[in-house]
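Student: Residue-level listing of the chains:
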Amino acid sequence: MADTATAPAHGSGEPVPVTEATGISKRYGATVALRDARITVAPGEAHALVGRNGAGKSTLVSVLTGLQAPDTGTLRFSGAPAPAVGDIDAWRSRVACVYQRSTIIPGLTVAENLFLNRQSDGALRPIRWKELHRRAEELLAEYGVDVDAAARAGDLTVEQRQFVEIARALSFGTRFIILDEPTAKLDARGISRLFDKLRALRRQGVAFLFISHHLREVYELCGTVTVYRDAAHILTAPVAELGHRALVEAMTGEPTAGGPARVAVPSGSGTGAGDVLTVEGLTLEDGCRDLSLSVRAGEVLGLAGAAASGNVRVAEAIAGLHRAEAGGITVAGRPVHAGSVPSALAAGVGLVPEDRHLQGLVHHRSVAENATLTVTSQLGPFGTVLPRRSGRFAQRMIEDLDIKTPGAATPVSALSGGNQQKVVVARALATDPRVLVAIRPTNGVDVKSKEFLLDRIRRVADAGKAALIVSDELDDLKACDRVLVMFHGRVVAEFGPGWQDEQVVAAMEGVAGAPCAAATSGSLATDVHGR
Amino acid sequence: MSSTTDVTESAAAGTGRAAAAEDARRGLGLGPGLGRFRELSLVPVILALGLIGFIVSPAFLTADNLIGVAQQSTELSLLVLATAFILIAGRMDLSLESTIGVAPVIAVWLVLPTSGARFTGLGLLPEWTAVPLCLLVGVVIGAVNGFLILRLRLNGFIVTLGMLTMLRGLQVALSEGQSIVELPSSFTYLGRASWLGVPAAIWICLALFTLGGSALAWLRHGRALYAIGGNAEAARTAGIRVDRIVWAVLILGSLLAAFAGILYSGHYGSVSATQGNGWIFQVFAATVIGGVSLNGGKGSVFGALTGVLTLQLVVNVMTLAGVPPLWNQFLNGAIIIVALVISRFASGEKQE
Chain B
0 MADTATAPAH GSGEPVPVTE ATGISKRYGA TVALRDARIT VAPGEAHALV
50 GRNGAGKSTL VSVLTGLQAP DTGTLRFSGA PAPAVGDIDA WRSRVACVYQ
100 RSTIIPGLTV AENLFLNRQS DGALRPIRWK ELHRRAEELL AEYGVDVDAA
150 ARAGDLTVEQ RQFVEIARAL SFGTRFIILD EPTAKLDARG ISRLFDKLRA
200 LRRQGVAFLF ISHHLREVYE LCGTVTVYRD AAHILTAPVA ELGHRALVEA
250 MTGEPTAGGP ARVAVPSGSG TGAGDVLTVE GLTLEDGCRD LSLSVRAGEV
300 LGLAGAAASG NVRVAEAIAG LHRAEAGGIT VAGRPVHAGS VPSALAAGVG
350 LVPEDRHLQG LVHHRSVAEN ATLTVTSQLG PFGTVLPRRS GRFAQRMIED
400 LDIKTPGAAT PVSALSGGNQ QKVVVARALA TDPRVLVAIR PTNGVDVKSK
450 EFLLDRIRRV ADAGKAALIV SDELDDLKAC DRVLVMFHGR VVAEFGPGWQ
500 DEQVVAAMEG VAGAPCAAAT SGSLATDVHG R
Chain W
0 MSSTTDVTES AAAGTGRAAA AEDARRGLGL GPGLGRFREL SLVPVILALG
50 LIGFIVSPAF LTADNLIGVA QQSTELSLLV LATAFILIAG RMDLSLESTI
100 GVAPVIAVWL VLPTSGARFT GLGLLPEWTA VPLCLLVGVV IGAVNGFLIL
150 RLRLNGFIVT LGMLTMLRGL QVALSEGQSI VELPSSFTYL GRASWLGVPA
200 AIWICLALFT LGGSALAWLR HGRALYAIGG NAEAARTAGI RVDRIVWAVL
250 ILGSLLAAFA GILYSGHYGS VSATQGNGWI FQVFAATVIG GVSLNGGKGS
300 VFGALTGVLT LQLVVNVMTL AGVPPLWNQF LNGAIIIVAL VISRFASGEK
350 QE
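Line by line, the protein sequences give chains B and W. The first sequence begins at 0 in numbering that gives the first Met the number 0 and counts up one residue at a time. The second sequence begins at 0 in numbering that gives the first Met the number 0 and counts up one residue at a time.
Take the hints with a grain of salt, since some may be wrong.
[Unchecked claim] Here chain B is said to cover these stretches of chain W; the calculated rule only asks that three of the stretch's residues, wherever they fall, bring their Cβ under 8 Å from a Cβ of chain B: (1) 100-111; (2) 119-131.
[As the list claims (entries may be wrong)] Partial list, derived from the structure: chain B residues whose beta carbon lies under 8 Å from chain W: (3) Asn116; (4) Ser119; (5) Leu292; (6) Ala413.
[Said to hold, decoys possible] Away from chain B, derived, C-beta distances all over 12 Å, residues of chain W: (7) Ile227; (8) Pro323; (9) Phe329.
These aren't lab readings, by the way, just hints derived from the structure by calculation. Beta carbons: idealized from backbone N, C-alpha and C, even for Gly.
Produce the complete structure using the sequences and hints provided.
Tutor: Right under this line is the structure:
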């Protein structure tokens with residue numbers, strides 16, 4: 000990757016920061032989004048910006064990228080004052096942003112996406128497609144992005160799309176990129192490839208502002224960290240000098256007892272002896288082959304694995320979303336009719352789906368409606384939904400899950416990410432399930448909410464039910480009594496309590512004792528990405 | 000299985016460069032590579048219809064018949080061109096079918112003398128201004144739609160539905176529900192004239208489709224329509240002036256509809272009170288079976304043209320085969336559904 004790139008000229012010798020924002024304030028109506036905030040990013044620096052949801056990170060990003068003018072404060076790029084808001088080209092030559100939401104247009108080719116709105120020199124000049132493709136290939140090669148310029152952007156993987164966005168951002172000549180939660184939709188392997196790329200770019204003198212909820216990533220990638228809390232700057236320090244606990248304290252503003260996500264001590268042995276969930280010889284198309292597992296009452300089982308490992312498919316199959324080719328699923332001795340969600344619900348399976356935006360929430364509807372979607376039959380006789388009853392129901396769930404919302408009638412889209420996820424969990428719990436299946440339950444939520452959600456899942460198990468957490472997040476898996484690791488559709492390892500991070504990661508990556516075929520395809524996949 | 004997925008993925012990516020090189024050799028100068036096959040998916044259907052036509056009637060494959068079909072397609076195809084632009088940009092304009100009628104009526108109403116004919120106008124302007132006035136009315140209608148949709152942020156579907164009804168009503172009120180037959184000669188010229196033995200309307204349509212297709216394929220602003228229809232937010236962050244371009248497209252669409260009104264009035268020598276009535280369904284059907292996505296960002300002008308031709312050929316072949324015209328409506332509907340199914344499987348893409 001790095002060897003294909005030529006180091007561009009940049010002012011690494013000068014101490015002038017690529018970005019320097021001081022005294023930035025911004026309010027929306029009554030809400031103060033930023034209060035006298037500041038940030039300074041040096042050339043070639045990997046700078047992390049962390050903070051809980053609502054700390055003002057997104058507002059800072061829109062100020063830094065010229066989408067919003069701050070109410071007060073000054074903003075300088077490489078010593079020069081920031082361009083006027085609206086002068087998009089000027090902004091883009093100073094700062095680039097890879098947003099949480101993809102800004103790739105799926106129907107167009109990669110080449111066209113790279114040169115969108117500058118395909119030709121003038122508005123009336125015809126586009127020379129051959130030339131455009133050549134330039135796109137050069138650009139992709141310059142930054143070592145192994146993507147076909149003629150491919151349809153919609154066919155790319157999330158990871159490839161991000162690389163294309165980064166290449167596009169850099170092609171405007173900026174040496175400063177803001178990455179807004181770039182790892183949220185990547186699996187562990189994709190994240191490590193992204194980080195390799197970012198390190199290579201850093202060696203070329205590109206500076207980053209890296210926004211993430213995952214403190215592990217901050218420690219892995221960044222040199223400096225800035226913490227925001229309640230719309231204000233709290234501290235900026237070298238990552239190496241700031242301990243994990245101190246960082247979490249800075250984010251939450253309160254001292255923590257232990258590690259951030261190390262929730263209740265796993266009980267080790269379940270309270271009940273019987274298996275609540277049993278999966279036997281399950282074979283799914285594109286998912287798994289002859290997979291068996293069981294979860295006892297009172298147990299939290301972790302099902303780990305990278306994106307292509309099939310663990311998510313297995314979880315969705317348990318919830319009745321996929322038809323099985325072979326094998327069976329039983330919940331408390333009662334077989335679940337494969338491929339039928341009502342049957343899974345009736346058997347007592349509650350699902351926290353992988354993507355809350357796509358599968359979890361009806362965005363414009365209220366918290367109450369979203370939370371009670373699975374239990375409408377309990378809300379009134381003969382298919383009616385009585386407002387009183389559903390309101391009471393929702394209120395109970397809001398209290399149970401500590402959902403921060405102005406009221407049960409607030410549209411769910413107005414909540415922060417962590418609270419939206421709580422609504423999704425609340426809905427899964429509303430049916431009082433025997434088995435709670437949670438896929439990446441803490442995806443994109445802040446530290447506090449993460450702790451809370453994992454603790455809530457633990458409480459489900461403590462009540463004599465079973466819980467299955469499907470994730471590749473080590474923090475999620477630490478909350479489990481037992482962890483099964485899947486690799487390419489098979490369970491390749493099982494860990495009791497007290498496992499080491501490296502062991503589980505190695506198993507998820509298929510390094511430890513992986514079957515031969517899987518190892519081969521793994522190395523092929525690695526080749527693709529030029530490592 | 001995931002291991003095989005990985006292998007194919009890596010194979011695909013591995014051959015990516017080779018494929019790109021191959022693409023370059025084949026000449027991507029032909030335009031943006033993808034969707035090339037999608038827009039050709041109706042060509043076999045048209046050929047099959049031609050073959051059926053040839054079998055059922057010797058009159059089918061004559062210059063007169065084919066030119067007749069083409070001439071009858073002209074007005075509809077201009078609306079389809081307009082709709083293709085608007086749909087690709089991710090919008091809808093239902094009022095086009097009323098614009099094709101009301102624009103000529105307003106223009107004629109402004110120029111015709113106050114007395115002496117069955118239809119009395121205002122006689123405000125000289126007769127030669129009828130054509131420019133008609134086009135101007137189109138521009139105004141598009142601009143008003145744009146204002147309501149983009150400035151006031153009203154729902155485009157309902158706004159243009161209201162506009163459709165309102166403009167139809169205006170036409171009926173102005174023309175007192177009757178056809179206007181006393182048209183200025185400048186107004187009827189284009190619809191009647193013949194250049195090189197072929198109706199002028201056909202030449203004009205071909206030229207407009209070529210221009211439109213080229214603009215979409217080779218101009219930045221044309222490509223911007225795909226970007227806006229595909230992901231408006233992304234287009235905005237790329238520096239595309241989304242609202243301005245959508246507004247321009249809405250105006251262009253209404254302008255094309257007004258122009259179609261001139262051709263239609265000239266062709267039949269009158270402005271009928273029901274001119275364009277109910278066309279919007281056919282227009283949308285032709286555009287969509289031609290491969291333009293209702294969700295925006297996909298499709299081409301050429302594909303839309305094949306959509307119109309398919310619909311018109313079906314009617315022509317059926318007429319020649321002696322199927323009673325009373326069955327036309329039924330067949331039109333059936334062919335829309337059949338064509339959709341064909342293009343769904345020819346392209347392999349889901350339409351939802």
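Student: For this structure, which hints from the list above don't hold up?
Tutor: 1, 2, 5, 6, 7
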